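With chain A held as given, fit chains B and C onto it using these hints.
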Amino acid sequence: MLGYVVKRVFQSILSVLIVSTLTLFLVYSCVPRQLVFKGDLVLPKIANKPDEYNDYKFRTWEKLGYIDYMTQQEYAQEVFGADSPNVSQALLRDSSFYEKFRTDLSARGYKVEALPISGYLYATKDVALLTRVFRWYAKLIQIDHPYRIQDPNNPGLKRGYFLTRDWGGGLALAASGTIYKYQIWVDDSFPFFHQNIVRLNMGRSYPTFDGVPVLDVISGGQGRSARREIRTTVRGEEVSFFTSIDEHSLKYKPVLDRLDMNKFEDNYADGNLTTIDPSMLGTSFTIGMYSLLLSLAIGLTVGVIAAMKKDRIFDKITMAYIVFISSIPTLLYIALFARFGMKVLGLPDKFPFLGSQNILSYILPTISLSLGGIAGEALWIRRYMVDQMNADYVKFSRSKGLSQAEVFFKHIVRNALIPIVHSIPMAVIGTLAGALITESFYAVPGMGKMFPSAISDYNNAMIIALTFIFTVVSILAIFLGDILVTFVDPRISLAARKEAR
Amino acid sequence: MAKTAERFAFATFDVLESERIAGPRYSYWKSVFQTFFKRKTAIFWLALLLSLTLMSFIQPLVSGYDPAVAPNINTPSTWYQKPSAEHWFGTDDRGNDLWDVVWSGTRMSLSIAFIAAAINIGVGILVGAVWGYSKRLDPILLAVYNVVSNVPYILRSMMLMYIFGRGFWQMILAMTITGWLSIAFFIRTQVMIIRDREYNLASRCLGTPLKRMVTRNILPYMVSVIATLIYQEIPGLINTETILSYLGIGLPSTYPSLGRMIDVYWSFVDTYPHMIVFPGVVMGLVTISFYVVGQLFADASDPRTHR
Amino acid sequence: MDQNKGILKVRDLVVKFRVRRRELTAIRSVSLDLYEGETLAIVGESGSGKTVLTKTFTGMLESNGRIAAGSIEFEGRNLLELKTDKEWEKIRGVKIATVFQDPMTSLNPLKRIGIQITEVIEKHQKLPPEEARRIALTLMEKVGIKDVEKRFYDYPFQYSGGMRQRIVIAIALACKPRILICDEPTTALDVTIQAQILDLIRSLQRDYGFTTIYITHDLGVVANVADRVAVMYSGQIVEYGSVREIFYDPRHPYTWALISSLPTLARKGEPLYAIPGTPPTLFNEIKGDAFAPRNRYALGIDFEEEPPFFKVSESHYAKTWLLDPRAPFADPPHAVKLMRKKGNIYAEGGAAEAGK
Numbered sequence: 025m026l027g028y029v030v031k032r033v034f035q036s037i038l039s040v041l042i043v044s045t046l047t048l049f050l051v052y053s054c055v056p057r058q059l060v061f062k063g064d065l066v067l068p069k070i071a072n073k074p075d076e077y078n079d080y081k082f083r084t085w086e087k088l089g090y091i092d093y094m095t096q097q098e099y100a101q102e103v104f105g106a107d108s109p110n111v112s113q114a115l116l117r118d119s120s121f122y123e124k125f126r127t128d129l130s131a132r133g134y135k136v137e138a139l140p141i142s143g144y145l146y147a148t149k150d151v152a153l154l155t156r157v158f159r160w161y162a163k164l165i166q167i168d169h170p171y172r173i174q175d176p177n178n179p180g181l182k183r184g185y186f187l188t189r190d191w192g193g194g195l196a197l198a199a200s201g202t203i204y205k206y207q208i209w210v211d212d213s214f215p216f217f218h219q220n221i222v223r224l225n226m227g228r229s230y231p232t233f234d235g236v237p238v239l240d241v242i243s244g245g246q247g248r249s250a251r252r253e254i255r256t257t258v259r260g261e262e263v264s265f266f267t268s269i270d271e272h273s274l275k276y277k278p279v280l281d282r283l284d285m286n287k288f289e290d291n292y293a294d295g296n297l298t299t300i301d302p303s304m305l306g307t308s309f310t311i312g313m314y315s316l317l318l319s320l321a322i323g324l325t326v327g328v329i330a331a332m333k334k335d336r337i338f339d340k341i342t343m344a345y346i347v348f349i350s351s352i353p354t355l356l357y358i359a360l361f362a363r364f365g366m367k368v369l370g371l372p373d374k375f376p377f378l379g380s381q382n383i384l385s386y387i388l389p390t391i392s393l394s395l396g397g398i399a400g401e402a403l404w405i406r407r408y409m410v411d412q413m414n415a416d417y418v419k420f421s422r423s424k425g426l427s428q429a430e431v432f433f434k435h436i437v438r439n440a441l442i443p444i445v446h447s448i449p450m451a452v453i454g455t456l457a458g459a460l461i462t463e464s465f466y467a468v469p470g471m472g473k474m475f476p477s478a479i480s481d482y483n484n485a486m487i488i489a490l491t492f493i494f495t496v497v498s499i500l501a502i503f504l505g506d507i508l509v510t511f512v513d514p515r516i517s518l519a520a521r522k523e524a525r
Numbered sequence: 027m028a029k030t031a032e033r034f035a036f037a038t039f040d041v042l043e044s045e046r047i048a049g050p051r052y053s054y055w056k057s058v059f060q061t062f063f064k065r066k067t068a069i070f071w072l073a074l075l076l077s078l079t080l081m082s083f084i085q086p087l088v089s090g091y092d093p094a095v096a097p098n099i100n101t102p103s104t105w106y107q108k109p110s111a112e113h114w115f116g117t118d119d120r121g122n123d124l125w126d127v128v129w130s131g132t133r134m135s136l137s138i139a140f141i142a143a144a145i146n147i148g149v150g151i152l153v154g155a156v157w158g159y160s161k162r163l164d165p166i167l168l169a170v171y172n173v174v175s176n177v178p179y180i181l182r183s184m185m186l187m188y189i190f191g192r193g194f195w196q197m198i199l200a201m202t203i204t205g206w207l208s209i210a211f212f213i214r215t216q217v218m219i220i221r222d223r224e225y226n227l228a229s230r231c232l233g234t235p236l237k238r239m240v241t242r243n244i245l246p247y248m249v250s251v252i253a254t255l256i257y258q259e260i261p262g263l264i265n266t267e268t269i270l271s272y273l274g275i276g277l278p279s280t281y282p283s284l285g286r287m288i289d290v291y292w293s294f295v296d297t298y299p300h301m302i303v304f305p306g307v308v309m310g311l312v313t314i315s316f317y318v319v320g321q322l323f324a325d326a327s328d329p330r331t332h333r
Numbered sequence: 058m059d060q061n062k063g064i065l066k067v068r069d070l071v072v073k074f075r076v077r078r079r080e081l082t083a084i085r086s087v088s089l090d091l092y093e094g095e096t097l098a099i100v101g102e103s104g105s106g107k108t109v110l111t112k113t114f115t116g117m118l119e120s121n122g123r124i125a126a127g128s129i130e131f132e133g134r135n136l137l138e139l140k141t142d143k144e145w146e147k148i149r150g151v152k153i154a155t156v157f158q159d160p161m162t163s164l165n166p167l168k169r170i171g172i173q174i175t176e177v178i179e180k181h182q183k184l185p186p187e188e189a190r191r192i193a194l195t196l197m198e199k200v201g202i203k204d205v206e207k208r209f210y211d212y213p214f215q216y217s218g219g220m221r222q223r224i225v226i227a228i229a230l231a232c233k234p235r236i237l238i239c240d241e242p243t244t245a246l247d248v249t250i251q252a253q254i255l256d257l258i259r260s261l262q263r264d265y266g267f268t269t270i271y272i273t274h275d276l277g278v279v280a281n282v283a284d285r286v287a288v289m290y291s292g293q294i295v296e297y298g299s300v301r302e303i304f305y306d307p308r309h310p311y312t313w314a315l316i317s318s319l320p321t322l323a324r325k326g327e328p329l330y331a332i333p334g335t336p337p338t339l340f341n342e343i344k345g346d347a348f349a350p351r352n353r354y355a356l357g358i359d360f361e362e363e364p365p366f367f368k369v370s371e372s373h374y375a376k377t378w379l380l381d382p383r384a385p386f387a388d389p390p391h392a393v394k395l396m397r398k399k400g401n402i403y404a405e406g407g408a409a410e411a412g413k
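Protein chains in written order, with the numbering used here: chain A, 25 to 525; chain B, 27 to 333; chain C, 58 to 413.
Hints are computed from structural coordinates only; laboratory data are not their basis. There could be a bad hint or two in this list.
Quick list of in silico lysine-lysine cross-link-like pairs, DSS-like style, CA-CA up to 25 Å [unchecked claim]:
{"id": "1", "chain 1": "A", "residue 1": "K340", "chain 2": "B", "residue 2": "K161"}
{"id": "2", "chain 1": "A", "residue 1": "K333", "chain 2": "C", "residue 2": "K73"}
{"id": "3", "chain 1": "A", "residue 1": "K334", "chain 2": "C", "residue 2": "K394"}
{"id": "4", "chain 1": "A", "residue 1": "K334", "chain 2": "A", "residue 2": "K419"}
{"id": "5", "chain 1": "A", "residue 1": "K135", "chain 2": "A", "residue 2": "K124"}
{"id": "6", "chain 1": "A", "residue 1": "K31", "chain 2": "B", "residue 2": "K161"}
Derived CB-CB ranges, DEER-like [stated by the list, open to error]:
{"id": "7", "chain 1": "A", "residue 1": "P443", "chain 2": "B", "residue 2": "D119", "range": "23 to 33 Å"}
{"id": "8", "chain 1": "B", "residue 1": "T234", "chain 2": "C", "residue 2": "N121", "range": "33 to 43 Å"}
{"id": "9", "chain 1": "B", "residue 1": "L76", "chain 2": "C", "residue 2": "N121", "range": "33 to 43 Å"}
{"id": "10", "chain 1": "B", "residue 1": "Y159", "chain 2": "A", "residue 2": "I341", "range": "16 to 26 Å"}
{"id": "11", "chain 1": "A", "residue 1": "L153", "chain 2": "B", "residue 2": "F59", "range": "50 to 60 Å"}
Since the structure is predicted, the reported quantities are computational estimates derived from the model, not experimental observations. Ideal placement from N, C-alpha and C gives every residue a C-beta, glycine not left out.
If we strip away everything but chain A, and leave its shape as in the complex, we get (with noise of 0.2 Å):
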């Protein structure tokens, strides 16, 4: 057994690996890199001022990775050192540093430009494509530890671990001299478990939300920010303050305002602001998990009395309505559901309306996220439940004396539950595609409506951060489903036992 799932754990991590690797490919090498500007709202205003203009979009280009950009003063400063006088020297018409940068960035592989107003000289490369993919996977682990801060200004950090309260009370691991305060603490949001010891990261987004780390904005609290009163210690004080810093998000800031020292008493003090509505990745979270359980529980609930009933009027309703399900495209059921739910129910059918707080909001994609779902597991369970009455076994069971009843529920459903098992994994993967559209038709702040929006604003780190998370999620699911089937089906797990052995 432990064997299997050793095998199954390093075939999805490098099915995750192939997967990322593959779209990271695909992204850098065929789209264009000029359209990464489309969506950008700082392009239109300096059209008029050629120099910035260049130099805001090759910086722009080496953010995301695509160049490696070099100014002349930069490079002044960089032979002279910052402060020099030597570099305002070197920037005059006629020194002979232009001569320098020509020669010095030509031999390291750089094209050198003149800018085409001041003329001075600016140096590009293109990085090549897989070194840029190489990057993308050096930074993507980030491991959080107390030699991680290194600041001259501050030679006397301490650094170490120490257990600690939060603003909240709760019990905490948190340390010094790493990048986060709190590095592992419990509270009562789901996983309950938190740590800012291993992060991921995936580069920062670009157009939209610009400058963010884009698990940031996928992870990250949307809305308003939500303030409260927090009474703590400072320095051996008692104060109480309003704030809306989530304290376990505190990073180490270098430089201190007064406003800071009031609430902290170390250097941690830059955080993120709590907000009043979840994170994209956990209303996303929210919607498909419910749509999932209600799929299966009505899907399931609906096959088996359809089978029971086999041929009969509520047999098929059912199959009628998966017949108009699986043909009819996702868009129009989901749009003829959203007028039912808001003309008949009186239910919001735009997200926003009600927004986040209001459990209303859910509704209505939660069960538009589902229709899809329950056709297909109603179809699935009741062809299962319908191959099990003929087998043999179900015969000598009635021939036992069971009942039509006791045959039902102590032997088929058992016996057809088994393949339906084995296809949760692809009920959530459907649950995930579904998001897609239905996110985008209910505007639901999630994942699901990210991803498109993503693409129309060509912000390639969410789209690649997207893809990386959605093809996590499906592995995942795939993994827990094959694991789960060895738990139900006794022939499976005790081969697997033995395969082990």
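Using the frame of chain A, we list chains B and C on its own:
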């Protein structure tokens, strides 16, 4: 009593008579069509399917509708008209006749679905057949399949649309570049199942030539399988097209399409519901009729249903 | 045998099926008596209606089948008057149990062996689980399972085919039924296992005193286990009698053909005998004797009029015009003559046991 004597005499034994199998002669295709057309629902949906398909390929030729040209854009009196004798489906927010718009959109969606389905199914069957027979190819293709199928199809298509850019052929490319893989996998499994059935092993032992094996033993089973693929693939691809176009990453705005129609007209759903109802109904009927006809045909082409 | 009292009495049973809007007559007026404690074998080709006939005893016909006429009397009541499943559940498994052909598929693959035995006991005898378990363990021992405490918790896939059939038999006997129907119980098993299973059923029959019906097309099995034999063809019983009468003195040409096709009776150098042709389709009305088109001994009348049963002895009847006094002499095939000769030798030697 000569009669009695005759009755109690041994009758002549007729070997042929004893071998006579009571069933009528069996012809596969004849049985398929007989079984199919026996159902009134099948005839109804087939007629609907054919008329919708013909309509959507002929009507746009007559109307010459082009979304890039809106001749009535400056004549507000022609906008938002309710269905009438002149405009059967009414007009839209730019004064276009919805009847024209809907059929051009259907034609576009159907064209994409047909071409992409032809490629997916064609390549899928070819690769799948080889895959099912080749033991050397199996692990390689299986590994590829396992990786690709981890990413939901719609996500893959969106990703590929992003990479190729928006457009008609780009969309077909996005739909087909990985779309054939799941079909090939399906065919591979079917081929493996049918290939190893006892009657095929027996047939092989008796020296039946491969061609006859394929045409007589395997193909009749595959007809049903392929019909199943087609009836799921075409509505599926129409679905993909509408999603991509609706999300604004599919066809550019110069193309008419059902998905774009829903996207553009949805804002009028409260004020001018006819702008949503007609495209929706046509879209629903087209996909349902494909699905139902396909399903009934797949049933009819399964030799086990023949009698 | 005549001192035995009848336990099951079938009269003029007609079973019809609806298959794709056409009606098929699977059982065409069958009458049959089953005597307490005996072993009756029903033989015939596939599709002759053996299984359908016995399914009517437990009300287990497929949903498209119906009993069009006749009666089945059991314990003083007509089983065909049972309407609801609830009434049938007091018969099935309790009074009349069935063992099916394929032990590999007769057990639920996902339930522990023990549970599959105890669920019948708990249901029909209304015993607490602990008591049911004790009975199940005894039963498992009885059918020859070793290490029962452990194997009680095993799953079917951990059992071999022969072992599974033993379990199936244990389940069938769990409520001490009066009749055990064995539908080709050994066909799916290894030849070496076959004999063990047959012996097991025979010894259990001695202990429990139930009546057995064997459905088989294997005449070897018939000779081994049966007291009486009924030969079925195209939904009818065409000949019945004691096992000795059927083997040593068969009268119906179909029985002749069956015996002739026994490989052990074939003459060296001659091809094995096979009955020519195929059985008639049951969709159409059959005129005359159903076997006539395949019968080398068919008379003119066979094609026109259905023969009645002719009495051969008190216990032996055959449904063939050849027994009519007006019929010409029919010289039976070599194999049948061989069997007759064997029978006479045994009879003279006083050896009563029927053998091959």
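Unmet hints by their number, sorted upward, for this structure = 1, 3, 7, 10
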